[in-house]
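Participant: The primary structure of each chain is shown beneath.
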Amino acid sequence: MKATELQAESLMPRKKTNEAKEVARHLLKNRAAVAGLVIIGVFVLASLFAPVFATHDPLQTSLGNRLQPPSSEHIMGTDELGRDLFSRMLYGGRISLNIGIISVLIGLTFGVPIGAVSGYFGGKFDILTQRFIDIMIAFPGILLAIVVVTVLGVGVENVMIATGIASVPIYARLVRGSVLAVKEQSYVDAAHAAGLSDARIIFRQIIPNCLAPIIVQSTFQIATSILWAAGLGFLGLGAQAPTPEWGAILSNGRAYIRTAHHLTTFPGLAILFMVLGFNLVGDGLRDALDPKTR
Amino acid sequence: MYQYIARRLLLTIPVVLGVSIIVFSIIRFIPGDPARAIAGVNATPEFIEQVRVRYALDQPIYIQYGRFLSGMVQGDLGNSIFSGRPVTTEIGERFPRTLLLATISLVIATAIGVTAGIVSATKRNSIFDNASMFIALVGVAAPVFWMALMLQLLFSVRLGLLPATGIGTIRHLILPSLTLGTASAALMARITRSSMLDVLRQDFITTARSKGLNERLVVYKHALKNALIPVVTVLGLQFGILLGGAVLTETVFAWPGVGRLLVDAILRRDYPVVQGTVMMLALLFVLINLTVDIIYAFLDPRIHYQSGSGG
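Which chain is which? The protein sequence lines are E and W, in order. Its first residue numbered 1, the first sequence is counted upward by one per residue in the working numbering. Its first residue numbered 295, the second sequence is counted upward by one per residue in the working numbering.
Simulated from the structure, these hints should not be mistaken for lab results. Please note that the accuracy of each hint is not assured.
[What the hints assert, rightly or not] Here are the simulated DSBU-like cross-link-like pairs (lysine-lysine), alpha carbons at most 35 Å apart as the crow flies: (1) W:417 - W:519; (2) W:505 - W:519; (3) E:124 - E:183; (4) W:417 - E:29; (5) W:515 - W:417; (6) E:21 - W:417.
Work the whole structure out from these sequences, hints included.
Facilitator: Below you can see the structure in the form of structure tokens.
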């Protein structure tokens, strides 16, 4: 039994290390993708070392220093409570990256198995999940996340859950489609013939061969979740004061747009660049992972 | 063909029912007493009891849902806690404004996006192509509420050309629809470009060119017709996303539409209004998708209408 299993598994395409090198090589040749990687790198470093780079305590108010324009003391100026905007932005980057990554992990954890099982077995389970996904997709864009937040309540953790849930149907659809294509490959037939269990075939053979679209989608989804989370924060449905979340900072800054527009300009630019970074890498990965465009 | 449309219509029914279950559940999943949630924070115990009876909250859950569903079919979504007026009236007043905003934005997005996409594809790697694709990348990444604020800052605060908030004249419509249209325009430009490039690579275009046809004729008559099929799908999706995105834009521009109504209702815990607006937006999106699928079936001869599988 063990021997046949090994034989069957040896039939599946084994080129992972070479494949990864090849993809990396193509990605690094793509100038836009490299720019995206650099942008993400800067944000990741800034978030990791936020306590080191921060010039002030992000929560320390100083009412004598309200709404100061950018200066050498306060690189990005201060907010309506005299807090240092630059330090708040650094910690805000942590929050946005966390939301992006955790919401994608939630989406992957539920979406990938649902899509894989649904596509692999077909039948009643497939029909049922497809209808269920239709229902989730009936809420356009940010609306599903808003519905979830309405029920769960506001706050950063709930925003992660809400944006995560909102991405589940996207993954389920995507993976189901890829599984339907991979299922017909000869190495899957071989695995069946060798008597491998369905679970093993799904997790060891089918999902690894659907990885390319999942990776590309996840990169874009991090960007989308960051945008959704900032939108929720802006509406007052996300992170709450005094959490230095970018959308919430922007929302507070609105009242002072005539006198202190640095409070809206900087967080907006930060969101824009972070989302742009992930989108550029996503575009690059899609090209690098697609044998046709290489 | 008609079989396909009938099948597609039938598939819409479970989706609509499912959406209504989710909307119905919003209030039941909120921790605490749903009657208290509907009645509002400052309600008297008597009023809470009235609400409990009125919404059948003392009955088993399936009866509650039955009441909810039959009320909805008859156009009764309950009353707003905040204003005391019927939810349908509240929505009815604001919906035309949101529809106007979303439609104009979509027109702007299509005009800019499709044009830029076609020119980019035909002049591939030109300065125009690179510049417009760069702008499109930024347009997709920029948060819509931030774009709104920056446009306000530039055109209202600095230049004093356009009103920053409110409704009433065409001038009030310009900034909100530009804001809302930008992100969609960026996406449409990218999709039109890649779809156009795909089509331009195909054999029948080479044939058309080798027949000595005028390049403009090849691009606009032969290629465009085929390249626009995926664009139509995206157009429908975008209309839905614009309606969802209205939640953000309407807040910035104090545009009294459905999006603003929803956000205010959530912040005020006005749950009947939350349920009504969410239900209406989702229903609308389902209808748009249905329409797009049917148009798509007419446009793309490759879809097999007879088969019972797929879809």
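Participant: Does residue 519 of chain W sit within 35 Å of residue 417 of chain W, going by the straight-line distance between their CA atoms?
Facilitator: It holds: about 18 Å lies between the C-alpha atoms, which stays within 35 Å.
Participant: Quick one, are residue 417 of chain W and residue 29 of chain E close enough, alpha carbons at most 35 Å?
Facilitator: 23 Å, holds
Participant: If you draw a straight line from the CA of residue 505 of chain W to the CA of residue 519 of chain W, is it 35 Å or shorter?
Facilitator: 19 Å, holds
Participant: Could you grab the alpha-carbon distance between residue 515 of chain W and residue 417 of chain W and see if it respects the 35 Å cut-off?
Facilitator: Holds: residue 515 of chain W and residue 417 of chain W sit about 17 Å apart, inside 35 Å.
Participant: Holds or violated: residue 124 of chain E with residue 183 of chain E, Cα cutoff 35 Å?
Facilitator: 18 Å, holds
Participant: Check whether the Cα positions of residue 21 of chain E and residue 417 of chain W lie no farther apart than 35 Å.
Facilitator: Judged against 35 Å, a Cα distance of about 33 Å means the pair holds.
Taken one by one, the earlier hints all hold for this structure without exception.
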